[in-house]
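With chain B held as given, fit chain D onto it using these hints.
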Amino acid sequence: MNRIDKKLNKEGKLLSIYFTAGYPDLNNTQEIIIKLEESGVDMIEIGLPFSDPLADGPTIQDSSTQAIKNGMNSNVLFDQLKDIRSKVSIPLIVMGYFNPILQYGVEAFCKKCSEAGIDGLIIPDLPINYFELKYKSIFKDYGLYNMFLIAPQTPEERIRHIDEISNGFIYMVSSSSVTGSKNTFDSDQLAYFKKIKEMNLSSKRIIGFGVGNKETYNTAVQYSKGAIIGSAFIKHLKLKGVNSINEFIKSIRK
Amino acid sequence: MKYSVDKEGFYGNFGGAFVPEMLFPNLEELEKNYNNIINDKDFKTEYNNLLKDYVGRPTPLYFAERMSEKYKCKIYLKREDLCHTGAHKINNTIGQILLAKRLGKTRIIAETGAGQHGVATATVCALAGIECVIYMGAVDIKRQAPNVARMKMLGASIISAESGSKTLKDATNEAIRDWINNPLTTHYIIGSVVGPHPYPDMVAKFQSIVSKEIKTQLYEKEGTENPDYLIANIGGGSNAAGLYYEYLENDNVKIISVEAAGEGIESGKSAATSVLGKVGIIHGSKTLLMQTTDGQIIEPYSISAGLDYPGVGPLHAHLLESKRAQFISITDQDAMKAGLEISKLEGIIPAIETAHAFAAFNYLEFKKDDIVVVNFSGRGDKDLNTYIEYFDL
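Going line by line, the protein sequences match chains B and D.
Residue numbers for the first sequence follow the working numbering, beginning at 1 and rising by one.
Residue numbers for the second sequence follow the working numbering, beginning at 1 and rising by one.
Just chain D, with the same shape it has in the complex:
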């Protein structure tokens, strides 16, 4: 298994657990237990029931006819935007809250950038009746007011991260510091396939439901489980990990990861880690990240708050290095145009993160019979203000 995590928590050269000693016991507890818990029969039953009745799974695999016509291939959309809370994020938080309960934890912490993972975490904490503390950068609290309100309605406390650049990476730092301060009672629900081992693997496993469903659904529609291409947008990389998971070892299924170029790769305002990143350590993981030559972490930029993470998950760094995945960088401008186009072509308004994946079609060529599955990772409601301002709607 070339693309699975190894015993030490690495994907090839990337991953591991580069954390201060204070966090060692927390991670060891998780590492020792997560696979057993996830594979436990009762856990699976509870998880699957909640995915079905609460989240609304399976999400449809929808043949996008007009888009297929335009881009001259067979395009299917995996409709994660139809999940409760409007994105794939909840697949992971449902899994982790059940895991936290089994570990006897009584308090949940999480980081959030745009607020999507924060809302998904606050939601499952309300569902489970567990205390919830969300760390969010002071800058993000200001620009994502509706999600802040949602989290409050769901009973979560929001703590403003005032350090550093006051955005997602700093919220993550603060959540990790909270975990150092509360090692026994608290479980940290990381929102992406980032952070120290075993998080990248655990989150990928919870998101793998996406590709598991596609196999069955695609077989029903096309008589094959395997598409020719998978396309996902990538910040930390959780929706991408879910889309790819079941296909990683099958080289016939090509993988295209779409990252945010922001105002352009060379503009100094970008989140194109595959081009601008160098090997380093961020949030406990050895991966590709944007940093100065001195090793200070650079604040990334994208119009999409879900893609402006300065690194990628270690699995994705490995997929890039081993050339298993092709990376494409899409600018704000291209993504916004694609968001509008997909809305008009298919009647679905995408999150700006998701719009990046659609913009990639302008830079790719497919054969007429190619089956291309795009992860429609989230709906656009949360981005309406950005769309309004951008297009003067």
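Chain B with its partners taken away, still in its complex shape:
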């Protein structure tokens, strides 16, 4: 069974953390992953940086720009992840925009992910239909999940379709916004969370975008299996460094 499913089938709520690979320093990747697992996080999204991240706010834009400057790219990342499975058992997801993956070659990229023990990918700008048509079988061959997003304006029929074809979880974008732009939920968002919860989808949902502290995390998980924190974690890394990861996770969960 895929490690992601194992986590999703467990009792309790999940906390997933996104970080940009190659930030703050090029070679922080393993250390961040190990520390996140030690601090009790349930899943990790490793961000492959892209020069033009359309769905991201300033925090992830800046971390991406810095990571690229530091020398991060697909080859460096795969090299850093080579022996990661001898050190952690936590589900690992690579999240990145499509162009760097396309340049690497989708099949070659999947092969490398599989060899490194990656469990799935999230590619926000790869359209679902195009994925189904062109790449689905490659992902399957390499045992990788591809997780899809839904957003507040996604029509119900399309949500049903996404639910049907999803494996792993549905990444539920909390609001019509780019990452890191909000740190509270308003009544519209809560109504949207409730509406989706009441659709009784067969896939579990993890809420991301705008989750950044204990309050938003606790609210999000009332309506979902878990929540993803990205920008707030990156800000914390910038301010306090890699050694204070445990402190950040405790501030969310305890």
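Be aware that one or more of the hints could be misleading.
[Unchecked claim] Heads up, simulated SDA-like pairs for lysine to any residue below, C-alpha to C-alpha not over 20 Å straight-line: (1) D:K7 / B:F131; (2) D:K278 / B:L102; (3) D:K166 / B:D62; (4) D:K254 / D:E225; (5) D:K32 / B:Q153; (6) D:K166 / B:P58; (7) B:K197 / B:F185; (8) B:K35 / B:D25; (9) D:K7 / B:L133; (10) B:K195 / D:L184; (11) B:K182 / D:P183; (12) B:K238 / B:I34; (13) D:K52 / D:I38; (14) D:K32 / B:N129; (15) B:K134 / D:N13; (16) B:K111 / B:F78; (17) D:K344 / D:D381; (18) D:K32 / B:E157; (19) B:K136 / D:N13; (20) B:K69 / D:Q296; (21) D:K344 / D:E389; (22) B:K134 / D:K7; (23) D:K215 / D:Y245; (24) B:K250 / B:G12; (25) B:K134 / D:E8; (26) B:K194 / B:N218; (27) B:K235 / D:E162; (28) D:K278 / B:A108; (29) D:K32 / B:I159; (30) B:K136 / D:E8; (31) B:K182 / D:D178; (32) D:K7 / B:Y130; (33) B:K134 / D:G12; (34) D:K344 / D:C73; (35) D:K278 / B:G105; (36) D:K101 / D:E28; (37) B:K136 / B:M1; (38) B:K69 / D:G164; (39) D:K269 / D:T292; (40) B:K235 / D:G164.
Read the hints as simulated data drawn from the structure, not as lab findings.
Coordinates of chain D only, in the frame set by chain B:
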């Protein structure tokens, strides 16, 4: 129809809509409605009336006698520089503002590099009385002060794009992010035949007025609708798409697209996408773009701010791949010289973008009877400072 967009939004291998899920409903709304709206009788009447009375169409097709003599063929200039706001850009913004009104949108956003599309957008927003927000790279705001002032006079708010390289591609990213944040109220007026489907097709359709007029005008002058050659400069490719549109399926009409080589193709300071580009995704479209081997997008360079886009529209990538269009790369130096030459030969000062198209004549050979139509895409007022500095005028 080999060169029309297909149902999935592709031109051959290029195009599509590679956008985050948050933008899916916006694009679906556009996709479902744009053809119906554009073909609607009332829309057409309103659009055509505005093109006539506000923009000043039809623009003349002018026989450039002295230039024809020099280059030994029959050269006609399609005078888009005579459009209100000084370039072809307004053909598209007039269309899109009318479309936005019919979709019930109350706020307009747009990206701009040199400020030409920003001015054309601010103009139609003033005309329609709709709120207008223009994204412009911080670097461009500094070097294009007159256009920033124009947009402000027209009532637009300018937001400085501070991310990445702080130029056109980053302004486009910021506009797309704004659209993600404001999906219901806002229409995004993209300025070229770039971006996710249906934008490339929609913008091409609004620019197609250029070639529609040429057919009639050329028939009056030459007894044929069809020239032998069409020449246009190309950044994203909107004026080129307009010039080619009605002729795409007619292989007897040859197409020459002139891109900016900057300081030279191998110089590291270039925008010659046809040579330096590789297939990839930029601003939601699969096309040819300048990028590193890791797939990071490279900042292009040209002395002309309207040509320094790191990609080309998917239609143009398809025209290149299928060999329907020939591409020529012109350096800053050649373009500036051609700008001066056309000014002296014909008494028309071209935008530096347009000057690239004229520079191509030095690298092409025509027969004496060949009819060559060049899209005179914009006038040179906005580039006067660059001309002054370059030639020490």
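Hint by hint, here is what the structure shows:
1. D:K7 / B:F131: 17 Å, holds
2. D:K278 / B:L102: 11 Å, holds
3. D:K166 / B:D62: This hinted pair holds, its Cα atoms lying about 13 Å apart.
4. D:K254 / D:E225: The hint holds at about 14 Å.
5. D:K32 / B:Q153: OK: D:K32 and B:Q153 at ~16 Å, within 20 Å.
6. D:K166 / B:P58: Between D:K166 and B:P58 the Cα gap is close to 13 Å, so the pair holds against 20 Å.
7. B:K197 / B:F185: 16 Å, holds
8. B:K35 / B:D25: 15 Å, holds
9. D:K7 / B:L133: This hinted pair holds, its Cα atoms lying about 15 Å apart.
10. B:K195 / D:L184: 19 Å, holds
11. B:K182 / D:P183: 16 Å, holds
12. B:K238 / B:I34: Since the Cα atoms of B:K238 and B:I34 sit roughly 18 Å apart, the hinted pair holds (cutoff 20 Å).
13. D:K52 / D:I38: Measuring from Cα to Cα gives roughly 17 Å; hence the hint holds.
14. D:K32 / B:N129: Holds: D:K32 and B:N129 sit about 17 Å apart, inside 20 Å.
15. B:K134 / D:N13: Given that 20 Å is the threshold and the Cα spacing comes to 13 Å, the pair holds.
16. B:K111 / B:F78: 10 Å, holds
17. D:K344 / D:D381: OK: D:K344 and D:D381 at ~15 Å, within 20 Å.
18. D:K32 / B:E157: 16 Å, holds
19. B:K136 / D:N13: Answer holds: B:K136 to D:N13 is near 19 Å, not above 20 Å.
20. B:K69 / D:Q296: 11 Å, holds
21. D:K344 / D:E389: 18 Å, holds
22. B:K134 / D:K7: Holds, at roughly 17 Å.
23. D:K215 / D:Y245: 11 Å, holds
24. B:K250 / B:G12: Between B:K250 and B:G12 the Cα gap is close to 17 Å, so the pair holds against 20 Å.
25. B:K134 / D:E8: Holds, at about 14 Å.
26. B:K194 / B:N218: Distance of about 14 Å is within 20 Å: holds.
27. B:K235 / D:E162: 18 Å, holds
28. D:K278 / B:A108: Roughly 18 Å between the alpha carbons, so the hint for D:K278 and B:A108 holds.
29. D:K32 / B:I159: 19 Å, holds
30. B:K136 / D:E8: The hint holds at about 18 Å.
31. B:K182 / D:D178: Holds, at about 14 Å.
32. D:K7 / B:Y130: 13 Å, holds
33. B:K134 / D:G12: With a Cα-Cα distance of about 15 Å, the restraint between B:K134 and D:G12 holds, given a limit of 20 Å.
34. D:K344 / D:C73: Since the Cα atoms of D:K344 and D:C73 sit roughly 19 Å apart, the hinted pair holds (cutoff 20 Å).
35. D:K278 / B:G105: Holds - the C-alpha atoms of B:G105 and D:K278 are around 13 Å apart, at most 20 Å.
36. D:K101 / D:E28: 17 Å, holds
37. B:K136 / B:M1: 18 Å, holds
38. B:K69 / D:G164: 12 Å, holds
39. D:K269 / D:T292: Holds - the C-alpha atoms of D:T292 and D:K269 are around 14 Å apart, at most 20 Å.
40. B:K235 / D:G164: The hint holds at about 18 Å.
Checked against the numbered hints listed earlier, the structure breaks none of them; every hint is satisfied.
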